[in-house]
Amino acid sequence: MTPSIASNLRSLTLTIAIAFLVTSFGVGYWTLVASDELSSDPFNPRLVSALRDRPRGQILDSAGGVLAESVRSADGYLRKYRDRTLAHVVGYASFKYGTAGIEAAYSDSLVGQDPGDPLAVWRARYLGERDVPGAVVLGIDPKVQKAAVDALAGRRGAVIALDPRTGAIIASVSYPNFEPNQIVDPATEDLAFQQVNGNVDKPLIDRARAGLYPPGSTFKLITGAAALENGVSPDTKVRVDDPWQADKSWGDYYVRSAAHAHADFTMADAYRLSENIYFAKIGLQVGGQKLAEYASRFGIGAAPRCDIAVAKGQLSNTGTLDRPTLVADTSYGQGELLVSPLQMALVAASIGRGGVMPTPHYANEVRDSAGNTIRTIAPGAAGQVIRPDTAARITTYLVGAVEGPGAFAFGAKIPNVHVAGKTGTAENPAGSPHGWFVGFAPAESPTVAVAVIIENSGQGGVDAAPVGGKVMQAALGR
Amino acid sequence: MTLLFRRPSEMRLLVWVAALAVTGSVAVAAAEKTAFDRSQLAVPVAFIVLAVGLHLFLVVRGFRGDQLLLPMAAALSAIGLVLVQRLASSLLANQLQWTLIAAGAFIATILIPRDLTALARFKWMWALLGVALLVSPLLPVIGREVNGARIWIGVGRVTFEPWEAVKILLVIFFAGYLEEYREVIAHPRRFGPIPIPPVPYLLPILAMWLFAMLVVVFEKDLGAALLFLGIFLAMLYLATGESFYTLIGIVLMLIGGVVVYHAFGHVQVRVDTWLKPFSEDLRFGAGYQIVQGLFALANGGLFGAGLGNGMPDRIPVVWSDFVFNAFAEETGFAGALALLALYLLFVYRGMLIALRAPTPFLQLMAGGLSFIVALQTLVIVGGNARLIPLTGITLPFVAYGGSSLVTNWILVALLIRVSDLTARVRGTE
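Residue numbers (my numbering), protein chains in the order written: chain W, 1 to 478; chain Z, 479 to 907.
So that you can see chain Z by itself, here it is in the shape it has in the complex (with noise of 0.2 Å):
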């Protein structure tokens, strides 16, 4: 019995997601035309099982650390399954398998290393998986092209997104690099107001950045060029404070989009789409996808037409890309406001633990990872409202897609396991 309240919040919040997860299930299976099957229940139920799993997992190995993260994804994924099974019921038991997998992923970086610190020894060796990874659907045999982006790998029937996971090795590898320098870089002459970086130092930085930059587009894959240019940013602001830097870095950021708008006809059709999506020559065409979400949007109004009873499923591809209008159009703004505030919570309780972190590397590294889940859903919930080009982000934990998940549910353990080192090193709570 002890064993239940030794985490005591994490597992109270969990009921709620329990709760969550399975009205969720009950209520799309309600609005569906068919008479209502009771093994369609199994879903939720197994998924309120591994998530209970993970809580007692910690437990038992008397975890210290944040109870709040464990929860905030358990929830998220359990609004992902709800819309998968609303959205595209055939992936279903995909997406399941994928969260179990996900689950094996978060209990093994929980496990390994015994020494979280020890990841900044080997940052080296994390540059140089990134970029094999990056790289390898370049490669034959196990390269893939899906929809004209060639970023997939796959072994038979098993397919995964590399650069996904390359985002969590960018993060450790400048963690431990900018802990090393930092005082170095974030030191630099100036010229007036103006810092000149000590160039050499930057430049290892600098070069891993191109190379993902490069590899990128190669690739074809503009968000996820997004992402590491706005993780890198934000990495090199946590460790040097120096505006200048961003400024900097957001000004080549413009220079290089307006290159890429001119080098590469999908751009130009990105910002097309994005600039006039209702015109008559792009409504049918490549503005399509786009003309349909914000239809999703406009469905919603306040509350929203209730789970099952929207047309989300009008807009192409929603499953991945567009699963914040198909939420926001079945639950109104006010669900799409408790989404948003949802994930804020979370990168705000990651935001908490870098701060109290004991080592500059600690903090840096928890800081990094809460900015991606940040930057993520900014970006596509960004390019879904038409604020921004929509690019092929995913949203974090709630869109389909087994890369996606796996990563962000290492993510999670890897934050919390910090929280928890915070907590011994301190004798604290």
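One chain only, chain W, in its complex shape (with noise of 0.2 Å):
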């Protein structure tokens, strides 16, 4: 007997009814299920669009004096920015090249509907009733930034200033940096944007939060740390010949002093002077494993939560220790090491608390249109990271490596003020090194901790310890 058609189409008929079923699903994924990561990506054009329709909401420093905000002209709002030096951290929001910074981390909350505010949200998207942006309020402390800006002085590189009681970041700099009212302008958009993007000097990249360097010496705030938390008496001389090597399998590769000594050092001498051989003893004699969860602790190869996207670094190339020398060389900071400023920073913060680090943070606060407060952003600590008495043992080292005699980090003294510091120098593959400056002040109890890299000086301390000092000075109110 030949198969009813009749009972082939009914199949048929069935199958069909069970695909669009599938579709639907399909759809109803992107439309409901995704929508909220999707709506806030931020390549999608719908982010910006309000940017011409509707004004968006403002950017304010701490002290209340306007970052952004969109201003009225022929055709719609045009976004302007009145700081260029924070074109980073604000960011910018461009309908075609996307969102950047506070912009794109603070979308919903620059267009009316911060998460804190889930009637707003709920109200924009299934009623299409939007409330009038209110602001966002950064940690950003104008003086401090100025400070930062004018020591930096136009070199290459970058500074960044925390309050380790918070969190909040309160300055930022890197150069060279860019224009964004250039990049947001539909006149000038294309060929500003195709400018800075093909700069070999790489201006869209805010290197205190995203550029990555070997730490150099900084790195032996973490080293110390883990010496004295396994074992490693601080008071017990160590011999430093200049060159060094464990033992011959080492071959032709030595660890070199900066200063060529030949002497006896204790933990106080090696950070006053930063010695590397020192640190490479001390690290061999702790170990991979240790020293490697001790940089864990401090957040290296871990981006740092925060509310923008930052640089996670990393420890080595592998992720651990493996060989003696790689060990040596990760000891004093260099090895295949990478870090942020915003990193080394969090560091410093950590060891002036007493152990505790704290999370960062750009933003403050969202208000609404009234200037009420929707949203506090506090974020709280992120955990102790080393005991106490180890934080306070290296803060007296560092104390000495500003203040004591020959000490590297003497630039970044402030009168009357205790401050604790390290100078690094950073070798790299492209050109003379790079200098560092990482501290805190006051030493007893930190208000301000900072981080300053300045790209190729030569020897850090000359360039970056003045630098460190100004900004920690401007943020003390001294």
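Hints in this document: simulated from the structure, not taken from any laboratory. Remember, predicted model here, so these are calculated numbers, not experimental data. Using N, Cα and C, we set each Cβ at its ideal position, and we do this for glycine too.
Interface residues of chain W toward chain Z, partial, derived using beta-carbon atoms under 8 Å:
id, residue
1, A6
2, S24
3, G26
Build the complex: two chains, separate frames, hints provided.
Here it is as structure tokens:
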């Protein structure tokens, strides 16, 4: 018997109906489930569409100064940025090139749909009623920011300062920078974006949070902490003879002392004179595994939780310290280490706060159009990363590294305040070494921590430490 | 007066279609910044006159068939016009002209041939005509290459995608051929559970299909290849009920897919943008269109941004490739679901007509034609929603494009004729 076409028609129709059902689920997934994620994608043009038709919220500094606002022009609203030195932090909201910085991270808040106000989000999404946006207030302190800009004085590099008690970032400079007003202006956007995007100096990158450099001697803060908590006595004298290798298996590989030293060193001496061989030796004594553990505790190799995307850096290419020469090199901050200035500022802040690492944040609060606070951004501490007594001891050494006889970081001194700090010299394949300074003040109970990097400036302390000093001085209001 | 009530359901439903056309057009116009221009109403009004004209034509002819297909097709076409007005208003006049031509094609199909079953007798002619149409874009003078695909023919300013018409010819040919030989094909000798098909009888179909595939591969039109293969398998199944054939067909399709993937760069790009459109190197390149399309869907939410208030115009070529996403962005998941339901209802009605048809040929033809609409909708919406790789198939009735619109209205006319014939043979409504 021939199978009836009728019954085949029925099963085909059923199959089609099932396929329509599956397709409906697919459409439902994108319109309802994935909606939130895609709607906040920085490249979604809808995020910035409001730019032309409606004003976008203001971005303010901690003193209430306007950093970004929407200004009415003939063909809709245009975004205006008031401080080019904060271009990387404030970012931009371009119709064509997407969003960056605070403009990206607080995009919802800036169009009046802060997640802290679910009712406004719901009304906007389902009823199309949009609130007049309020403002996002940053932790940036205009006085400290100006001091940082003046101190860096147009040299290629970055300065970042934060409050160790709260994690609020109070100054952030990255140079070279770019002109955000040109990137958001339809008349100039294409040329401006091409120019900055194609520039070999990479002005679009915020060196303060996304620039990655070898930490050089500033990493000794971590090596010292690992040593103190793993049986190394700080007062035991360690013999240093330049050049040094652990044994013959290192071949023609040696650790070099910057001062070509031939002497016995305590930990205090080693911090003051930044002696590489001392730290290489105690690093090997502690071992690669422990050293890697402490680096990870201080957040090297993992992006800090932060309201803007930040770099995570690396301990080594493989993430482990699996050979003695790499352990030795890492101990004094070379090897395959890469860190951002923000990460080093957090390391300094944790030591200043007795081992408690703060969670960094750029914005302090979101306000509605009437000026009421919708949401305060206070993420709290990330955790206790070392013991308080370890932190206190390292702080003493760091004060010595600024104020002691022959100290490298003398340039960071501030009258009548004890400053803790450490310089660093980051050897790098691309030319002369970068100069580092990390520090905090007042040493006993810090209200500011800072990290400075000046690219290709030669020996670290000479150039970077005074920049750190001036920024901390501005933060302390002296 | 009595004329108005010969096909009462059709008339009543067309009132709703008219409301849809006018409100849609007004909503789009209202969302624009420029002042409302009354002449913009000319398009929906002209469309309504056209739709009612078709209804009256069927009434005058004393048609007794299905009363739902015409309003449903008209509703879809109305949505299409509203979306063209929304997304590419400069093409609106063009689309209206094509709608007029499509209505003409509908009337012509109702009138010719006088005897619908005669179509089966000329099956080899349809096959030859299909082959000729498929090859035509490759010919000099009339062949046109648009966006890297040589699938157009053109005379002067008028261009046409012949494969749109070929799919209908293919269905008629398959229906005629399978009616004649299905007894043989449906009773294969079996080797255990595995049926051994009587190869000689399948040869003409296979040859026809292979030829279509080759041309399509040379013309770089992936969507058409998928569609032809789908029609082939579905009709073979309808005629024989042998799901094993379908299984082999799907396996062959997958193998063919792997082969074309490795052989053609443009296929690899399609698959890559399907798998990871958001990757850094694709989101501003080959994946830009689908990423923007997904952004549009995401903006839709439950009830949508409202007609004219979304930003679907950020999707490149939105009016032909991504109308579904534009509709979903502005009417939400609710609107998208309603649109899909309309298509499913259309297909269901078509299948019902097939089920009641008096001869196997008419059953197979009506089933195949309905299946075209189903498969096209599923393939393009699936591509738009990133369930399957994106292909250049058009959303029936709604997407901008003349060839597709004309062919689809011919398809509606054929289905209505089958139902009319059924009603006459059975002597019922």
